[in-house]
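Asks: So the sequence lines, in the order shown, correspond to chains A and B.
Quick note: the first sequence uses this note's numbering, first residue 1, plus one each step.
Quick note: the second sequence uses this note's numbering, first residue 1, plus one each step.
Be aware that one or more of the hints could be misleading.
Said to hold, decoys possible - A short, non-exhaustive set of chain A residues, derived as facing chain B with CB atoms under 10 Å:
1. Thr111
2. Asp120
3. Pro121
4. Leu135
5. Leu159
6. Met190
Hint data in this document are derived by calculation from the structure and do not stem from the laboratory.
The beta carbon of each residue, even a glycine, is placed where N, CA and C say it ideally should be.
Number of protein chains: 2
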Amino acid sequence: MSLAHTRRKQPELVRRAILDCANRLIAERGATDLSIQAVADAAGVSKGGVFHHFPNRQALILAMLQDLLDQSDERVEALMAADPVAHGRFTRAYVKLLRMDDDPEQIRTCTALMQVTLFDPDTGTLWTNWLTDRLARHAATDSDPALEVIRLAADGAWLAARTQDTLPDCDDPDLLRNRLPALIERLTAMTYPTPG
Amino acid sequence: MSLAHTRRKQPELVRRAILDCANRLIAERGATDLSIQAVADAAGVSKGGVFHHFPNRQALILAMLQDLLDQSDERVEALMAADPVAHGRFTRAYVKLLRMDDDPEQIRTCTALMQVTLFDPDTGTLWTNWLTDRLARHAATDSDPALEVIRLAADGAWLAARTQDTLPDCDDPDLLRNRLPALIERLTAMTYPTPG
DNA sequence: GCCAAGAAACCGACCGGGCGGTATGTTTTG
DNA sequence: CAAAACATACCGCCCGGTCGGTTTCTTGGC
Chain A
1 MSLAHTRRKQ PELVRRAILD CANRLIAERG ATDLSIQAVA DAAGVSKGGV
51 FHHFPNRQAL ILAMLQDLLD QSDERVEALM AADPVAHGRF TRAYVKLLRM
101 DDDPEQIRTC TALMQVTLFD PDTGTLWTNW LTDRLARHAA TDSDPALEVI
151 RLAADGAWLA ARTQDTLPDC DDPDLLRNRL PALIERLTAM TYPTPG
Chain B
1 MSLAHTRRKQ PELVRRAILD CANRLIAERG ATDLSIQAVA DAAGVSKGGV
51 FHHFPNRQAL ILAMLQDLLD QSDERVEALM AADPVAHGRF TRAYVKLLRM
101 DDDPEQIRTC TALMQVTLFD PDTGTLWTNW LTDRLARHAA TDSDPALEVI
151 RLAADGAWLA ARTQDTLPDC DDPDLLRNRL PALIERLTAM TYPTPG
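Build out the structure end to end from the sequences listed, making use of the hints.
Replies: Dropping the structure here:
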């Protein structure tokens with residue numbers, strides 16, 4: 001706003017609004033149901049306006065995923081910087097990452113993007129490359145096969161929890177969704193070389 | 001066929017053909033893209049014919065999932081019956097289950113159904129109930145928290161492998177997809193009380 | 001054994017609507 | 001005044017679902 005006098009309209013603000021609204025929408029009904037018209041309505045622009053910022057539907061979705069990966073990167077970097085122990089440093093950050101700042105909307109958005117990834121090579125490539133790059137970067141501290149099992153367990157816990165939170169509210173304490181914080185603690189503890 | 005003389009036409013055969021074709025179709029492009037017309041064409045019936053056997057699209061998808069769960073049940077029962085060790089018996093069967101008889105089509109079908117489960121309470125309930133029922137049934141042998149981590153790791157491995165096999169063919173031996181058999185061995189070995 | 005009758009199985013045309021995408025016009029901005 | 005930033009109207013397509021008709025089978029009375 002303060003710098004807006006030297007810019008065009010606020011195209012980048014509109015672009016952000018589109019992305020944010022699209023994120024909200026796919027968090028509710030999944031990414032495969034996302035329609036451009038719905039995004040346009042939610043963002044207060046016309047359908048043509050959306051297509052002005054994103055050449056097609058696929059580009060919009062890829063942009064959303066890229067956003068998510070960038071945010072994840074920041075989170076991981078911050079978590080790793082605050083971790084004094086070398087061994088398993090990245091794995092611990094990765095495990096903690098699945099809490100997504102406990103923001104339900106961000107969690108569902110991530111779920112929605114995973115939904116399209118399961119059958120779309122483009123998003124799949126983006127996602128896979130992100131992880132393999134980081135694994136290669138932190139090979140010195142996180143290449144232990146036991147750590148891989150822990151990361152996979154984190155993925156599995158995430159998947160199970162996400163499957164469960166579509167269910168009608170049930171507060172069964174045995175339900176994995178409700179045990180997730182404890183499970184994160186358990187997995188984190190398993191990453192240390194000589195666990196206490 | 002032998003008993004067919006006392007039955008109507010072959011409605012149950014048509015029903016099976018519809019289910020099989022639908023399974024093939026969702027294995028290719030995902031369950032969210034499934035159209036009734038495509039199913040009808042593939043099964044050699046009309047659209048009305050499909051709607052005669054299934055009241056709506058959702059019912060068809062639920063029937064496919066129920067089919068998958070029934071098959072999984074048989075597999076698990078067989079695997080458990082052949083396992084002499086009590087502790088972790090169900091968990092071992094569960095881990096082996098994710099190979100899906102190494103049938104790529106069945107694997108993709110399962111992936112497609114998971115895709116809808118992420119945002120649909122009906123299928124989510126079906127899936128969750130299946131697992132919780134079996135966990136309750138085998139609580140005596142498989143309630144160890146360490147075994148839960150293993151099952152979750154199996155889920156995570158499955159998810160990762162599924163994400164990767166949309167990728168254009170790459171035979172990178174580091175890719176989890178190509179290490180899945182070894183990983184299954186590793187997880188299986190971890191289920192025994194005093195691992196060798 | 002036969003035949004009417006009714007139910008089940010299935011076909012095919014149709015409907016309203018929403019979809020992704022385009023093409024063109026209008027406003028805003030540098 | 002040119003180009004960017006939008007709005008508006010429109011196109012063709014396909015979707016899930018409905019409905020009435022036609023064929024095929026089962027049943028039951030005689």
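Asks: Give me the numbers of the hints this structure contradicts, sorted from smallest to largest.
Replies: none
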